[in-house]
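Trainee: The primary structure of each chain is shown beneath.
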Amino acid sequence: MTTLPQLSNKPTAHKTYWLVALGALAWIIAYQIYEPLAEWLVYGAFRLPEDSRLSESLAFFLADVPKILLLLSGMIFIISIIRTFFSPERTRALLGGKREGIGNVLAAALGIVTPFCSCSAVPLFIGFVEAGIPLGVTFSFLIAAPTINEVALVMLFGLFGWRIAALYIASGLTIAIIAGYIIGQFKLERFVEDFVWKIQSSADATIEKLTWENRIERAWGAVREIVSKVWIYIVVAIAIGAGIHGYVPQDALVGIMGKQAWWSVPVAVLIGIPLYSNAAGMIPIVSALIEKGASLGTALAFMMSVVALSLPEAIILRRVLKPQLLIVFFSVIGIAIILTGYLFNWIM
Amino acid sequence: MLTIKILGSGCENCKRLAWLAERAVNHLGIEAQIIKVTEYPEIMKYNIMSTPGLVINEKLVSAGRIPSEAEITTFLTDALERA
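Chains as they are written, first to last, in our numbering: chain A, 3 to 350; chain B, 68 to 150.
If we strip away everything but chain A, and leave its shape as in the complex, we get (with noise of 0.2 Å):
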């Protein structure tokens, strides 16, 4: 085995270890203090009367970005530092030798936790499949990893709860569970492009040895990275979540979002699917629509759909895919996101 070069561990840990316990301190102040700020801002400073509709929606936008931002901040955080403990080439050794069934209930599980980039689904598909890794296992790990998207996690916790965010969860690893199981039943080696089987190298992974200092450094490269790039999203998805949330009548949304329309499952679907890699936007606009009786089996379906079926991740994936069965790899997560709709309409 191979290992990359130890990166030092440089005298000035004891100044990354100082920052990061400043930041937590930092961050829990801000989190005791946003609530009332903004009930500060609205009413004591802005002198806006109580009880308008107004007054309600901007209170309603001032408390939800500096709390969403800061759960999204500090859950990133945590949430990379334990995925430096994981690595695509400790959760293939993981998943060698691994039946098809359990290898799936694995897969999906390691899908959440192996930090994943989209662009890197072909190496990550061919190093599998050579590796011996059967298909619907591969399949498993390359829906759950994208579809329990951690962005979507923490808002969802942040704007719903804790229920409803295990919820996400079990439904995401419920999709790529007995989606990759079927896809694997249907044996489709055939139509994985043929070069990916040709493709020889060497069998030793490449392991890193990481300090405590780097993996701080990169978790917080990583909530740079993320809040850098949703920022924008999340403050205008708010704003529009929050005059829903002031202006649109209860009950508004009851006739075409609720349990009874039935064909609202699958349009919710099919509008998800260009909405990919926005998931940050979307929720706290669902968020509002639920609110206003859309119903939370078509919300999560929807949600589901923008992260899992994506246009550039097929466009990725024909690389090393025939058609065929990207087709056959998408129609069945869309069809288990639908099931997974009903379900949760039916038992709510």
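Treat the hints with caution; some may be incorrect.
Said to hold, decoys possible - On the chain A side, residues computed to face chain B include the following (Cβ under 7 Å):
1. Glu37
2. Cys121
3. Ile128
What the hints assert, rightly or not - Capping the alpha-carbon separation at 30 Å, the derived lysine-lysine pairs in BS3-like fashion look like this:
4. A/Lys294 x A/Lys261
5. A/Lys189 x B/Lys112
6. A/Lys200 x B/Lys112
7. A/Lys324 x A/Lys189
8. A/Lys211 x A/Lys69
9. A/Lys189 x B/Lys103
If you are wondering where the hints come from, they were derived from the structure by calculation, not from laboratory data. Computed from a predicted model, the values in this text were never measured in an experiment. Even glycine gets a Cβ: it sits at the ideal position worked out from N, Cα and C.
Given chain A, work out where chain B should sit, using these hints.
Mentor: Leaving out everything else, chain B in the frame of chain A:
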């Protein structure tokens, strides 16, 4: 002269890594050739499972992330010492 290879299909992260590597080379004032490797059979020869990958003189130094410019500078000076 160093040979630097950027492994990746040409996504945003790969472009950023190439840009950082070029900056590090210029700041060090060394001679280096930067090659972008975009074909998967070629990329997989370095046995990586996540892109972008950074290879200096045929030695893989990082994969699946964008190292900082300071880190790349260290990789480059290490490679120069070995060469």
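Trainee: Could you run down the list of hints and mark each one as holding or not?
Mentor: Results of checking the hints against the structure:
Hint status for A/Glu37 relative to chain B: violated, with the closest Cβ pair at about 36 Å, above 7 Å. Contact between A/Cys121 and chain B, as hinted, is supported at the beta carbon level, the nearest pair being about 4 Å apart and thus within 7 Å. This hint holds: A/Ile128 has a C-beta 6 Å from the nearest C-beta of chain B, less than the 7 Å allowed. For the suggested pair A/Lys294 and A/Lys261, the alpha carbons sit about 13 Å apart, so the restraint of at most 30 Å is met.
Of the pairs offered as hints, the one joining A/Lys189 and B/Lys112 holds, with about 27 Å between alpha carbons and a cut-off of 30 Å not exceeded. Distance restraint check for A/Lys200 and B/Lys112: the Cα-Cα separation of roughly 12 Å lies within the 30 Å cut-off, and the hinted pair is therefore satisfied. The straight-line distance between the Cα atoms of A/Lys324 and A/Lys189 is roughly 14 Å, inside the 30 Å bound, and the hint therefore holds. Distance restraint check for A/Lys211 and A/Lys69: the Cα-Cα separation of roughly 35 Å exceeds the 30 Å cut-off, and the hinted pair is therefore not satisfied.
In summary, the hint linking A/Lys189 to B/Lys103 is not supported, as the alpha carbons are separated by about 36 Å, beyond the 30 Å threshold.
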